[in-house]
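Whenever a hint applies, use it, and build me the whole structure from the sequences.
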Amino acid sequence: MDVLIEKSSSRPRRLTLAGINIDQRWLRLAIPLGLFLVIFIPRIAGLDVFLTADEDDQIMFSTVFLKSVLQGKWGRALVLGYPGVPTLVLGAIGVGLRYWFHYQGWLPLAWVQDDLMPTLNQATATFGTFAYPLDFIYWVRFPLALVASISILGIYFLSRRLIGERVAILGTLIIAFDPFILSHTRVIHVDGPLAYFMFLSFLAFLLYLDQGGWRWLILSGVLGGLAALSKTPAALLGPILLVAGLLYALFPPSGTPRSVRWKRLGIALLGWGLIAMLAFFALWPAMWQRPLFALELIIRNLQSVNSSLHPTTGHFWGDQESDQNPFYYLLVFPYHLTPLVSLGIVTSLGLIGYGLLARWRKLETWAGQNAAARAGAGCLCGRLYCPGVAGVPAG
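Using my numbering, read the sequence shown as starting at 397 and increasing by one per residue.
Since the hints were made in silico from the structure, they are not lab data.
Keep in mind it's a predicted model, so treat the numbers as computed, not measured.
Accuracy of the hints is not assured; some may be wrong.
What follows is a set of in silico ranges between Cβ atoms, one per label pair, in the way DEER data are often shown [said to hold, decoys possible]:
1) Leu727 to Thr652: 24 to 32 Å
2) Ile427 to Leu674: 28 to 36 Å
3) Ile614 to Ile741: 43 to 51 Å
4) Gly634 to Tyr534: 31 to 39 Å
5) Leu670 to Ile695: 17 to 25 Å
6) Gly634 to Thr525: 34 to 42 Å
7) Pro504 to Leu726: 50 to 58 Å
8) Asp444 to Gly634: 35 to 43 Å
For each residue, glycine too, the CB sits at the ideal point set by N, CA and C.
See the structure below:
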């Protein structure tokens, strides 16, 4: 198949693919649109034909959150032992839309006999027990599937600036169709948003280090704040960014003074922390009225999950409980990786080693120039899959 690019000073460049002339302006639109459809359609197919554990609770939490917002009682929007804000907001949108369709007479709910607020009070009267999850399951899953699809497409937009178009497309598709990522972005839960917000924050952070520009640092900080607002394991993002930043400073691209890299890294770490903290406070309604209580609740929840047993806890190495032994995850994690991901990790580690060797020998190779980016991506790779693989018990 021949691919030719016609250059002209007065006309947009055109791509000739298999004898068909394609304006590159249309190609720039067609690739993201095609990717989005490929990512989005599998995530919304058959959303109402299954139910997973915890989803009835998540619908209840979203209903409580919706009621608190409608009443303007922001302090009561503190529903979980961890923030869970993106999931609560998207779930509340789904719950609200379902009730709106009922009151418009388009899709009546037989059990709803009163106005909205009395109905919300009735639905949340027994906290932890939601009587009608199947009436809401599609509605609360759809917003999460939509945001997940947009976020995965965002991974493509950011990564192509770092590693090029073709590799970015391939990597995005691998992430989109990984079984664990696919399944966790089709249900209402906090683990999916945790994973993709962490990864997007990581990519934007690398872009700031590589190219400069405050927009990337601001974007990374906001996304990091959204990750922290999803679940407390987002705290691992800080060390990941630190390691990736150190690799960039120690192995800068050719022609970049090392002093410039160290200065940029210092600004990046400080700026990212401040922006993420501001986003955490600004985007969590409970922080507006009860900040100390909200933070205390998170700390108490962390202490609780580290000192008590989870209902699904098994045994590991005799009397050591599985969710309290770090070696459990080191042993189990490889068994939860797909063959493709396993191959990718091994290949990435090999490329990192080759890149570092090339840098040491001062060889001008693509691997050498991009070693730090691949090393940081490898550090995050395991964390990206942890929500759907190991279930890190951090609340």
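Now for the hints, and whether the structure bears them out:
1. Leu727 to Thr652: 24 to 32 Å: Since Leu727 and Thr652 have Cβ atoms about 41 Å apart, the given range 24 to 32 Å is violated.
2. Ile427 to Leu674: 28 to 36 Å: Roughly 34 Å apart at Cβ, these two residues keep to the hinted range, so it holds.
3. Ile614 to Ile741: 43 to 51 Å: Given about 31 Å between the Cβ atoms, the range is violated.
4. Gly634 to Tyr534: 31 to 39 Å: Cβ of Gly634 to Cβ of Tyr534: about 37 Å, so the range 31 to 39 Å holds.
5. Leu670 to Ile695: 17 to 25 Å: Hint holds: Cβ distance 22 Å, inside 17 to 25 Å.
6. Gly634 to Thr525: 34 to 42 Å: holds, 37 Å
7. Pro504 to Leu726: 50 to 58 Å: Given range 50 to 58 Å: holds, Cβ gap about 52 Å.
8. Asp444 to Gly634: 35 to 43 Å: Given about 39 Å between the Cβ atoms, the range holds.
Hints 1 and 3, counting from the list given before, are not met by this structure.
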